[in-house]
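Chain order of the listed sequences is A and B. Using our numbering, count along the first sequence one by one with no gaps and you end on 516. Using our numbering, count along the second sequence one by one with no gaps and you end on 516.
Calculated directly from the structure, the hints in this document are not laboratory data. Treat the hints loosely; a few may be bogus.
Stated by the list, open to error - Quick list of the computed label-pair ranges, beta carbon to beta carbon:
1. A:Asn15 x B:Ser131: 31 to 41 Å
2. A:Gly117 x B:Pro289: 27 to 37 Å
3. A:Asp114 x B:Val255: 27 to 37 Å
4. B:Val294 x A:Ala460: 50 to 60 Å
5. A:Thr130 x B:Pro289: 23 to 33 Å
Unchecked claim - One side only, chain A facing chain B, incomplete, derived with CB under 8 Å:
6. Ser26
7. Asp35
8. Gln47
9. Asn78
10. Leu80
11. Ala109
12. Arg120
13. Trp164
14. His350
15. Leu446
16. Leu473
17. Asp474
18. Arg493
19. Ala497
20. Ser501
Idealized CB from N, CA, C, for every residue including glycine.
Number of protein chains: 2
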Amino acid sequence: MNGAESLLKSLVASNVDVCFGNPGTSEMHFVAALDAVKEMRPVLGLQENVVTGAADGYARMAGKPAATLLHLGPGLANGLSNLHNARRASSPIVNIVGDHASSHARYDAPLASDIAGFARPVSDWVHSSTSARTVGADAARAVRAAREAPGQIATLILPADTAWDAAESVAAPLPLAPRAQAAPSTIDRIADKLRADLRTVLLVRGEALLGDALIAAGKIAAKTGARLVCDTFAPRIERGASRVHVDRLPYFGEVATEFLAGTQMLILVGARPPVSFFAYPDKPSWLTPDGCEVNVLTHPHEDSVAALTALLDAVDGHHAEESVIKRETTSFSLNGGLDAESIAQIVTMHLPLNAIVADEGISSTLPYYDLLGTAAPHDFLNLTGGAIGSMMPVSTGAGIACPERKIVTLIGDGSAMYTVQSLWTQARENLDIVTVVYANRGYKVLNNELRRVGAPTDGAGAMAMLELNTPSLDWVSIGQGLGVASVRANSKRAFEAAFVSAMAQRGPRLIEAILE
Amino acid sequence: MNGAESLLKSLVASNVDVCFGNPGTSEMHFVAALDAVKEMRPVLGLQENVVTGAADGYARMAGKPAATLLHLGPGLANGLSNLHNARRASSPIVNIVGDHASSHARYDAPLASDIAGFARPVSDWVHSSTSARTVGADAARAVRAAREAPGQIATLILPADTAWDAAESVAAPLPLAPRAQAAPSTIDRIADKLRADLRTVLLVRGEALLGDALIAAGKIAAKTGARLVCDTFAPRIERGASRVHVDRLPYFGEVATEFLAGTQMLILVGARPPVSFFAYPDKPSWLTPDGCEVNVLTHPHEDSVAALTALLDAVDGHHAEESVIKRETTSFSLNGGLDAESIAQIVTMHLPLNAIVADEGISSTLPYYDLLGTAAPHDFLNLTGGAIGSMMPVSTGAGIACPERKIVTLIGDGSAMYTVQSLWTQARENLDIVTVVYANRGYKVLNNELRRVGAPTDGAGAMAMLELNTPSLDWVSIGQGLGVASVRANSKRAFEAAFVSAMAQRGPRLIEAILE
Numbered sequence: 001m002n003g004a005e006s007l008l009k010s011l012v013a014s015n016v017d018v019c020f021g022n023p024g025t026s027e028m029h030f031v032a033a034l035d036a037v038k039e040m041r042p043v044l045g046l047q048e049n050v051v052t053g054a055a056d057g058y059a060r061m062a063g064k065p066a067a068t069l070l071h072l073g074p075g076l077a078n079g080l081s082n083l084h085n086a087r088r089a090s091s092p093i094v095n096i097v098g099d100h101a102s103s104h105a106r107y108d109a110p111l112a113s114d115i116a117g118f119a120r121p122v123s124d125w126v127h128s129s130t131s132a133r134t135v136g137a138d139a140a141r142a143v144r145a146a147r148e149a150p151g152q153i154a155t156l157i158l159p160a161d162t163a164w165d166a167a168e169s170v171a172a173p174l175p176l177a178p179r180a181q182a183a184p185s186t187i188d189r190i191a192d193k194l195r196a197d198l199r200t201v202l203l204v205r206g207e208a209l210l211g212d213a214l215i216a217a218g219k220i221a222a223k224t225g226a227r228l229v230c231d232t233f234a235p236r237i238e239r240g241a242s243r244v245h246v247d248r249l250p251y252f253g254e255v256a257t258e259f260l261a262g263t264q265m266l267i268l269v270g271a272r273p274p275v276s277f278f279a280y281p282d283k284p285s286w287l288t289p290d291g292c293e294v295n296v297l298t299h300p301h302e303d304s305v306a307a308l309t310a311l312l313d314a315v316d317g318h319h320a321e322e323s324v325i326k327r328e329t330t331s332f333s334l335n336g337g338l339d340a341e342s343i344a345q346i347v348t349m350h351l352p353l354n355a356i357v358a359d360e361g362i363s364s365t366l367p368y369y370d371l372l373g374t375a376a377p378h379d380f381l382n383l384t385g386g387a388i389g390s391m392m393p394v395s396t397g398a399g400i401a402c403p404e405r406k407i408v409t410l411i412g413d414g415s416a417m418y419t420v421q422s423l424w425t426q427a428r429e430n431l432d433i434v435t436v437v438y439a440n441r442g443y444k445v446l447n448n449e450l451r452r453v454g455a456p457t458d459g460a461g462a463m464a465m466l467e468l469n470t471p472s473l474d475w476v477s478i479g480q481g482l483g484v485a486s487v488r489a490n491s492k493r494a495f496e497a498a499f500v501s502a503m504a505q506r507g508p509r510l511i512e513a514i515l516e
Numbered sequence: 001m002n003g004a005e006s007l008l009k010s011l012v013a014s015n016v017d018v019c020f021g022n023p024g025t026s027e028m029h030f031v032a033a034l035d036a037v038k039e040m041r042p043v044l045g046l047q048e049n050v051v052t053g054a055a056d057g058y059a060r061m062a063g064k065p066a067a068t069l070l071h072l073g074p075g076l077a078n079g080l081s082n083l084h085n086a087r088r089a090s091s092p093i094v095n096i097v098g099d100h101a102s103s104h105a106r107y108d109a110p111l112a113s114d115i116a117g118f119a120r121p122v123s124d125w126v127h128s129s130t131s132a133r134t135v136g137a138d139a140a141r142a143v144r145a146a147r148e149a150p151g152q153i154a155t156l157i158l159p160a161d162t163a164w165d166a167a168e169s170v171a172a173p174l175p176l177a178p179r180a181q182a183a184p185s186t187i188d189r190i191a192d193k194l195r196a197d198l199r200t201v202l203l204v205r206g207e208a209l210l211g212d213a214l215i216a217a218g219k220i221a222a223k224t225g226a227r228l229v230c231d232t233f234a235p236r237i238e239r240g241a242s243r244v245h246v247d248r249l250p251y252f253g254e255v256a257t258e259f260l261a262g263t264q265m266l267i268l269v270g271a272r273p274p275v276s277f278f279a280y281p282d283k284p285s286w287l288t289p290d291g292c293e294v295n296v297l298t299h300p301h302e303d304s305v306a307a308l309t310a311l312l313d314a315v316d317g318h319h320a321e322e323s324v325i326k327r328e329t330t331s332f333s334l335n336g337g338l339d340a341e342s343i344a345q346i347v348t349m350h351l352p353l354n355a356i357v358a359d360e361g362i363s364s365t366l367p368y369y370d371l372l373g374t375a376a377p378h379d380f381l382n383l384t385g386g387a388i389g390s391m392m393p394v395s396t397g398a399g400i401a402c403p404e405r406k407i408v409t410l411i412g413d414g415s416a417m418y419t420v421q422s423l424w425t426q427a428r429e430n431l432d433i434v435t436v437v438y439a440n441r442g443y444k445v446l447n448n449e450l451r452r453v454g455a456p457t458d459g460a461g462a463m464a465m466l467e468l469n470t471p472s473l474d475w476v477s478i479g480q481g482l483g484v485a486s487v488r489a490n491s492k493r494a495f496e497a498a499f500v501s502a503m504a505q506r507g508p509r510l511i512e513a514i515l516e
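Next comes chain A alone, as it looks inside the complex (with noise of 0.2 Å):
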C-alpha cells in the first residue's frame, strides 16, 4: 500500500466516500488508487470552484463531508471563493491539496507556490503531511476537524512523496468531541425572557432551519409571541406549504433596519446578531435596534436542535399551534412576456414535492422569496458567503448527495457565468438538475447599487462593468456545448410549457428565461 491508498482508504473508514476533484500531475497517485479503493466515488470538475461548490452542496444536503482534490497553490487558489462560501455555511469539508515532492520543494519549480497561504483564510484546519505513514492519520484529523460543530473546512496538504511511498495502515476514525450543549441554566433564563411583555424576535440559523428543531422553534414562537426570523442567507431551510413560517431578514439594510424597528429583544440561535450586508455612505451597518436587548440561546458551535427542544419544555409549548406556510391558490395571467415575478409563480406551482431549491438569482428572486416558499415542500439553499458562482457547483454537490431528489437551480446570467463548467459534471453524472437562468443581460443588483451607494452615473465607461449585452450570451448554445439539454423561453406560457417538462423528465436540463 503507498501513501495514497492510506489516505483513500482513511478517508473511507471516516466515512468520507465521495471525492470531487480535478488533479494534476502531483496527484497521480492519488488518482490511481481510486481503482484500488472503490468505495471512493470520483466526481470530476473542469475547474476548481466547480468542485468545491459541490463539496459544500453535498455537504449541506448529506451533513457530512466529501473530500477534494486539487492541484497544489493555484488548484486550491481557484477553488477558493466557493471554499470562503462553504465556510460561511458552516459546511464541513477535507481539501486534499497535492503538492511538490518534499525533495521537490527548495527548487522553487513554476507551480511552486505558498500552499498553505492560500488555504489559510477560508480554512479551520490546515496541515501538511510530512511522511507517507502518516497521511492515514492525517487524513482522520482532517475529516474529525471538519465534522467539527457547526462544520469546518480542513485542508490537508499532501506532498507527492507521502502519496508514492509506502505506507502501512489504515487509520480508524477518530472520536468527535460531544457537541457544545447550552447550559440548563442558559434554558431558563431564555424561557423567562421569553415570558416578558417584549417585542421579541427569534433568530435561527443552522440544523435548527431543518425537521423537528424548525417545528419546535415554530411552537416556541407561536407559545411566547416572539417572531421567528431566519438570516437573508440560511445555507439550507425546509419550507414550502404546511412548513413552519419563517420571517427572512430583508436583504437591503435600510428595509431590514425597518423590519427591526421597534424589536425590544433579539434572541440569536445559532445565529449572529444582523448586520448590512455591504457598508453605505451614512447608512448603519448594525441592524439591531437602539436599545434592543441580545441574548443568546445557541452559539452557532452549540446544539441548537436539543437547546430548541429543552426550550419548548421550558416555555411549555408542545401545545401551541405553530404558524405554518400556506399553499397559495392566486391566479396568474400566462399571456405575454417574461419576468421574474412570473417566472416565481411558474416555479412555485409546478415544483415537485421534495426538491432541492438553490437560490442565485440575486435582483431576479430576493423579492420573490417569500411567493417561492408557498410551493410543495422542499428544500432551500442560499449563497451564503456572498461570492457570486456558488449554486451551480451547490447543485451538483447536492445532485450527488440527493440522487432521488429533483434540484432546481435558480441563477442570474452573471452568476451563471462564474462556474458554467458545473453543467458538464451535472451531465457526466447525469443529476436531476433543472437550471434557470434569467437572462436580463447585466449585473442588474450592481445598476441598482450604483444608486445606492450614492454615486449616480450611466456613462458608457460604468456600464462598460455592468452590462453583459454585447455580445449576449446565447444559454442554449452553452448548455447544449456542456452537454445539457437547453432551451429558451421568451414568454411567461413558453417559460411554463419548458419548466413542467423538464419537472416530468429525469436529468440536466437548462432553461433561458429572456426577460423582458
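Given chain A's structure and the hints, the job is docking chain B onto it.
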C-alpha cells in the same frame, strides 16, 4: 473629487490606462469614476481569472502594467491562479481590490475575508489604503512597485470609504529606481569564461529574448560556440523564420537531462538554473549536469539587454553571424484525419507576419515547438506558471495591448474550459484572436504522467478524473454561445480551410480541431 476619482487619475498619471475588472458593490464608486476619467479604458471579464490573466497578457505585450479591479477577497481569490502565472512571467500588474468600508470591517459581514492573506502568496507588494486622501499616493506607489524590475505584482486594497470620501489630489508618478546593472567585472569575467574551451550553454530569459538583445545573444553564441537556450516556458520570445535560433529546454526532466548532458558551463542571463517541472520517484529535480560550472551574467532583476550588449563588445562578436531559424519548405499531405502535428504544420504555413501565438496546447503542441518556430516572424507566449487556464486570458490582454496584430491561441480542451469566459471578452472587445481548441477529450498530458510517475492504471476510477469524453464538449456551441464565430474541423483539409479563412478576416474566431 472622491477617492475613487483620485485613484483613477493617479493611475492614469502613472501611465496605467487599462483596467480589466469585475466589480461588485464595494467598488461602485470606482466604477462610477470611470465616467469621469475617460483616459482609463475599462474591460470587463466575466470571471476574475480572465481579468488577471488578461492583465498578464497585456503586460507581456505592452511592457507596462494594467490595473485589475477585483471584488473583495473572493474576487481576488478567483483571479489568483493567473496572478501566479503572471508572477512567474515577471509581468507587472496593479491589482485594485475593493474591501468593505473600514467602519464595516468589525462586523464580519458575509463577504468579509482576509484579503491581504489571499494576496500575499502572489504579491510582491500589498497595501491597504487608510484614507481617501492617500489613495492617489498609494496608487503611485503600487505602480512603482509593479514596475520594479523584472516586473512585480502589486496589490492595493481599497476600503469602500477610501473610494467614496473626499480626496483632494492626483498623485504624480514616482520615479523608478535605476535598473540594476551587471558589474563591468562580471561582463569581463563572463567574456573570459566564454573564451575557455568548454561546452557552454547560454540560458536566456525575459527581455533578452526580444529585439536587439536576442540578436546580441545570438552573435555571442555564434562567436564563442556557446549554445543559446531558453527556458521551456519563456514568458515571451521573438521567433519565426530569420529570427535568432534558440533551443528550448525540453519539458520532461529526463529529456532535459539528456539535452544538457555534457554541458561544462552554464551561463545564466536573467534565468535561473533549470529544474524539473514536477518531481518523479527516483528522478532528479536538478537538471544541470554534475560538475557543470554555473555562472550568472544577470539575475532576473538586472538589465540583461545592457549586459548582453556589453558582453557582445567584450567578446568582439559584432561580426559573428547568428544562427537563425530557416523557413521549412517541407510538403505534407492534407488528406486524412486531423492530428496535432498537421495542425502545427498548417498554423506554421499560414501564420501571418507579426502575429502573436499564445500556447497552452500542452501535449498537443510541446512536440511541435520547433516546427511552429519556422513560421513567419511572431511573438510566442508561454504558460509560465503551470496553472492551466492562462493563455486565453493572456491572448485577451495581448489583444487589448496590440489591436493591430493577429493573435492565435493554441489550447487543449481541458485548459480551454478553465477560463472559457475569456471568449466573451474577446467578442465584446472585437479582438483579433483565433482560438484553436485541440479537442482530444481528456487531460492527455495526465494520462502520460500517470504512467511516468510509476502509477500505471487504466481503471474506471482513475479515468473518471482524466477523461472528458462523457459527454464530449461541443466547442462550436460553447464558442457561439459566448459570441465568437466558431467552426469545427474534423480533417486536415477542413482545418486548413478554417484557419486560412480565420487568418483572412478580422475579429474573434474559434476552431474546434477534432483530433483523430
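Okay, the hints, checked on the actual structure:
1. Restraint check, asparagine 15 of chain A to serine 131 of chain B: a C-beta distance of roughly 51 Å breaks the suggested window 31 to 41 Å.
2. Separated by about 34 Å at the C-beta atoms, glycine 117 of chain A and proline 289 of chain B satisfy the suggested range of 27 to 37 Å.
3. Distance hint check: the CB atoms of aspartate 114 of chain A and valine 255 of chain B are about 29 Å apart, consistent with the given range 27 to 37 Å.
4. Against the hinted window of 50 to 60 Å, the Cβ-Cβ separation of valine 294 of chain B and alanine 460 of chain A comes to about 54 Å, which satisfies the hint.
5. Taking 23 to 33 Å as the suggested C-beta distance range, the pair threonine 130 of chain A and proline 289 of chain B conforms, at roughly 31 Å.
6. Against a cut-off of 8 Å between C-beta atoms, the interface hint on serine 26 of chain A holds, since the closest Cβ of chain B lies about 6 Å away.
7. Here the hint on aspartate 35 of chain A is kept, as its CB sits about 3 Å from the closest CB of chain B, short of 8 Å.
8. For glutamine 47 of chain A, the shortest C-beta to C-beta distance to chain B is roughly 5 Å, which falls under 8 Å, so the interface hint holds.
9. A distance limit of 8 Å between C-beta atoms decides the matter here; for asparagine 78 of chain A the minimum to chain B is near 5 Å, and the interface restraint holds.
10. Annotation: leucine 80 of chain A was flagged as interfacial toward chain B, and the flag holds, the nearest CB pair being 4 Å apart, inside 8 Å.
11. Interface hint status for alanine 109 of chain A: upheld, as the beta-carbon distance to the closest one in chain B is roughly 5 Å, under 8 Å.
12. The interface hint given for arginine 120 of chain A holds, since its Cβ lies 6 Å from the closest Cβ of chain B, which is under the 8 Å cut-off.
13. Checking tryptophan 164 of chain A against chain B by beta carbon gives a least distance of about 5 Å; that is within 8 Å, so the hint holds.
14. The interface hint given for histidine 350 of chain A is broken, as the beta carbon of that residue sits about 27 Å from the closest beta carbon of chain B, more than 8 Å.
15. Given the 8 Å rule on beta carbons, the hint for leucine 446 of chain A holds: about 7 Å separates it from the nearest Cβ of chain B.
16. Hint status for leucine 473 of chain A relative to chain B: holds, with the closest Cβ pair at about 6 Å, below 8 Å.
17. Of the supplied interface hints, the one on aspartate 474 of chain A holds, with its beta-carbon coming within about 4 Å of a beta-carbon of chain B, less than 8 Å.
18. A cut of 8 Å between beta carbons decides the hint on arginine 493 of chain A: the least distance to chain B is about 24 Å, and the hint is violated.
19. Checking alanine 497 of chain A against chain B: minimum C-beta separation of about 22 Å lies over 8 Å; hint violated.
20. For the restraint placing serine 501 of chain A at the interface with chain B, the shortest Cβ-Cβ distance is roughly 20 Å, beyond the 8 Å limit, so the hint is violated.
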